[in-house]
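Asker: Sequence:
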Amino acid sequence: MKIKADLHNHLRTASNLRQRDFNKAVDLARQRLGENGIFAMVNFSDRRYEHFIGLRGYERDYLGENRNAVYVPEKQVLVVKGQEIPTQQGHLLVLGLGYDAYMKEHKSIEYSLDEAKNRKAIAIADHPYAPNGIGPYLEDTISIYSDLTAWEIHNGETLRKANQKARTTYEGLPYFYPQIKLGALSSSDGHSFHELGTNWTEIEMPDIIEPSKFLPILEQSIRSIDLQTLRKERISYRGIIGHMGMLALIIRTSKIGLGKLFETDKPEF
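All residue numbers for the sequence shown refer to my numbering, where the first residue is 4 and numbers rise by one.
The hints are simulated quantities; they were obtained by calculation from the structure and are not laboratory data.
Don't take each hint at face value.
With a straight-line Cα cutoff of 27 Å, these simulated DSSO-like cross-link-like pairs (lysine-lysine) come out [to be verified]: (1) Lys107 <-> Lys258; (2) Lys110 <-> Lys120; (3) Lys120 <-> Lys184; (4) Lys269 <-> Lys110; (5) Lys216 <-> Lys184; (6) Lys110 <-> Lys27; (7) Lys5 <-> Lys184; (8) Lys120 <-> Lys216; (9) Lys107 <-> Lys263; (10) Lys269 <-> Lys120; (11) Lys258 <-> Lys5; (12) Lys269 <-> Lys5; (13) Lys269 <-> Lys164; (14) Lys184 <-> Lys164; (15) Lys123 <-> Lys269; (16) Lys78 <-> Lys258; (17) Lys27 <-> Lys263; (18) Lys235 <-> Lys27; (19) Lys27 <-> Lys107; (20) Lys123 <-> Lys27; (21) Lys107 <-> Lys269.
Cβ-Cβ distance ranges computed for the label pairs, FRET-style [to be verified]: (22) Lys184 <-> Gly260: 46 to 52 Å; (23) Pro76 <-> Gln167: 37 to 43 Å; (24) Ala104 <-> Pro181: 31 to 37 Å.
Heads up, the beta-carbon is just placed ideally off N, CA and C, and yes, glycines get one too.
The task is simple: from the sequences and hints, build the whole structure.
Answerer: Here's what the structure looks like:
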């Protein structure tokens, strides 16, 4: 069965969440992604997924061997854990890590890909041609492509020119490197509820019955996405401006010792 997936979301720029946020996000996901829709809740130097799945709200079932995802039966919505890792060469999006499992930051992209593989997680080149993307590095290090599951051809908080470069690069891969098969992912990279589910890619529904099968089937579903796959794409200029403004505020308050107003606890890497 085909379902809609928005596999790159942060919900807020700041990592502090409110008790009502679980139900609010799940309701929006059901509305925008439909029955059995999936979104990823992505950590960035924080524990927002861990806090999110512990908030009050709808009853939920845990999937995977270590709460790698949660399923909300009442709304038929699935939430997958993600982590966006700043590496020395750019950002890497990893899906399917376990609860309170975190990958090290600021290592080489090769180190991070090895770590993701060892953790049986799904590695994705997110916004590869944004200023913090790994696309330019991969042009000279072709072997890395084989360690990825997918390539983000569209990112809702990345400008049009960088998204077009990502798509053009993906289109050229079969001609130059026919042995490489990557999924072509479109996602929101949202930092607000307004953006959740506004970009999505259609994938095969992963197994939610057998915990041990959940991640392998999700990985296979993502890898099989091609350019003919049904998807929705839009750029959220409102999201970009809001995210940059909030980042500036967080940096400013951190300098005067008020950073805790916007952040939850940091994980131990």
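Asker: Please go over all the hints and tell whether each is borne out by the structure.
Answerer: Now the hints, each set against the structure:
1. Lys107 <-> Lys258: With Cα atoms ~25 Å apart, lysine 107 and lysine 258 stay inside 27 Å; holds.
2. Lys110 <-> Lys120: holds, 15 Å
3. Lys120 <-> Lys184: OK: lysine 120 and lysine 184 at ~16 Å, within 27 Å.
4. Lys269 <-> Lys110: holds, 18 Å
5. Lys216 <-> Lys184: holds, 21 Å
6. Lys110 <-> Lys27: violated, 35 Å
7. Lys5 <-> Lys184: Since the Cα atoms of lysine 5 and lysine 184 sit roughly 20 Å apart, the hinted pair holds (cutoff 27 Å).
8. Lys120 <-> Lys216: Holds, at roughly 16 Å.
9. Lys107 <-> Lys263: holds, 22 Å
10. Lys269 <-> Lys120: Holds, at about 24 Å.
11. Lys258 <-> Lys5: Violated. Lysine 258 to lysine 5 sits at ~47 Å, over the 27 Å cutoff.
12. Lys269 <-> Lys5: Not OK: lysine 269 and lysine 5 at ~36 Å, beyond 27 Å, violated.
13. Lys269 <-> Lys164: violated, 34 Å
14. Lys184 <-> Lys164: holds, 24 Å
15. Lys123 <-> Lys269: Within the cut-off at roughly 23 Å; holds.
16. Lys78 <-> Lys258: violated, 42 Å
17. Lys27 <-> Lys263: Holds, at about 23 Å.
18. Lys235 <-> Lys27: holds, 22 Å
19. Lys27 <-> Lys107: Violated, at roughly 31 Å.
20. Lys123 <-> Lys27: Not OK: lysine 123 and lysine 27 at ~30 Å, beyond 27 Å, violated.
21. Lys107 <-> Lys269: holds, 12 Å
22. Lys184 <-> Gly260: 46 to 52 Å: holds, 49 Å
23. Pro76 <-> Gln167: 37 to 43 Å: holds, 40 Å
24. Ala104 <-> Pro181: 31 to 37 Å: Cβ of alanine 104 to Cβ of proline 181: about 35 Å, so the range 31 to 37 Å holds.
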